[in-house]
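Chemist: Sequence:
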Amino acid sequence: MIHPAIEPLVLAAREREIARASHLDVDERRRSYRDELASLKGPLEEMDFVRDEILGIGGRDVATRLYVPFRDEAKALVVFFHGGGFVAGDLDTHDALCRRLAADTRMRFLAVDYRLAPEHPFPASIEDAVEVLRHVANHLGDFDETAARIIVMGESAGATIATVACALTRGEDLGIAAQVIIYPTLGPELLTDSAHEYGAGFMLDLDQLRADYRNYLAEWSDHTDFRVSPLMAGDLRGAPSAVILVAECDALRDEGVAYAGLLEHFGVEVELLEAKGMVHGFLRFGPQVPEALEIVDDLAQHMHRYVENSSV
172 MIHPAIEPLV LAAREREIAR ASHLDVDERR RSYRDELASL KGPLEEMDFV
222 RDEILGIGGR DVATRLYVPF RDEAKALVVF FHGGGFVAGD LDTHDALCRR
272 LAADTRMRFL AVDYRLAPEH PFPASIEDAV EVLRHVANHL GDFDETAARI
322 IVMGESAGAT IATVACALTR GEDLGIAAQV IIYPTLGPEL LTDSAHEYGA
372 GFMLDLDQLR ADYRNYLAEW SDHTDFRVSP LMAGDLRGAP SAVILVAECD
422 ALRDEGVAYA GLLEHFGVEV ELLEAKGMVH GFLRFGPQVP EALEIVDDLA
472 QHMHRYVENS SV
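Position one of the sequence shown corresponds to residue 172 (the working numbering), numbered consecutively onward.
Just so you know, these hints were derived from the structure itself, not from any lab.
A hint or two may mislead.
As the list claims (entries may be wrong) - Label pairs and their calculated CB-CB ranges:
1. Glu199 to Pro359: 20 to 26 Å
2. Asp206 to Glu360: 38 to 44 Å
3. Asp468 to Leu195: 17 to 23 Å
4. Asp232 to Ala389: 21 to 27 Å
As the list claims (entries may be wrong) - Here are the computed lysine to aspartate or glutamate pairs in the DMTMM-like style, where the Cα-Cα straight-line distance is at most 25 Å:
5. Lys447 to Glu368
6. Lys447 to Asp425
7. Lys212 to Asp243
8. Lys212 to Asp266
9. Lys447 to Asp469
10. Lys246 to Asp406
11. Lys212 to Glu224
12. Lys447 to Glu178
13. Lys447 to Asp275
14. Lys212 to Glu178
15. Lys246 to Glu343
16. Lys246 to Glu465
Glycine is no exception: its CB is placed at the ideal position from the N, C-alpha and C atoms.
With the hints as extra help, turn the sequences into a complete structure.
Modeler: Rendered as structure tokens:
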């Protein structure tokens, strides 16, 4: 059952047909997504400072944005990958969310503007993520002179990018204390019970997500590739410890739960958090939904614990 605090937001989204945008072309899809997030952002959290920087990696430029909160307590840098179905989103669409997360977790955030489909189909976004993680690990002091560890975080499509990048680099010494995977989409099949129950009208429309996957995968037909479908991974031993956050009323809930089980099967420490009554994207609701802020507090505690318990 949807939490009463978010029901007006969900109903408003339905009325605007934001959750049913599968008929839109890519440019319209991006505008719709940008407008949706702008309508939810609320007041912006003040930061000590915010810095935009272009990283030259792999022969290309990747835009990033560093958020430094006034209370900067953790000895870790959070590298953040935004959502948007692999085709939408950028540093500006998730500016409010990154500010809020940085302030509430008391950690520095580095948001990554990875390449989007269809202009840059799979696996371009994952290649960007891997190269950014390697660059940050080798130049950590440039982003936080006190940081000794990295936390990799992603939401929705960005969660897939984040966890795949962690899996691909798990044999490297990048100093990743944990991966934080927030309501992830973990493959194009979308056949779970939660997908059937919440696949339309709950802030994430599966027809739209299927269209996004078609743009993302383009000519790539192997859906068993774990970079496309992390639930198909044959070995995740040595992947970073994980905090996985799912929303009860989200079409992607069951995928997140299954992924937690898969990581545990391979010996990865996992904390699975379920936000009761919440829908996909609920962290973006911010101060409009105090219950969402409470969940962020819980998330922050887990993140700090992994940083404190990890060895350098």
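Chemist: Decide, hint by hint, whether the structure agrees.
Modeler: Hint check:
no. : hint                         : verdict
1   : Glu199 to Pro359: 20 to 26 Å : holds, 21 Å
2   : Asp206 to Glu360: 38 to 44 Å : violated, 29 Å
3   : Asp468 to Leu195: 17 to 23 Å : violated, 36 Å
4   : Asp232 to Ala389: 21 to 27 Å : holds, 23 Å
5   : Lys447 to Glu368             : holds, 15 Å
6   : Lys447 to Asp425             : holds, 14 Å
7   : Lys212 to Asp243             : holds, 22 Å
8   : Lys212 to Asp266             : holds, 9 Å
9   : Lys447 to Asp469             : holds, 13 Å
10  : Lys246 to Asp406             : violated, 30 Å
11  : Lys212 to Glu224             : holds, 23 Å
12  : Lys447 to Glu178             : holds, 13 Å
13  : Lys447 to Asp275             : holds, 20 Å
14  : Lys212 to Glu178             : holds, 17 Å
15  : Lys246 to Glu343             : holds, 20 Å
16  : Lys246 to Glu465             : holds, 23 Å
Hints 2, 3, 10 from the earlier list are contradicted by this structure; the remaining hints agree with it.
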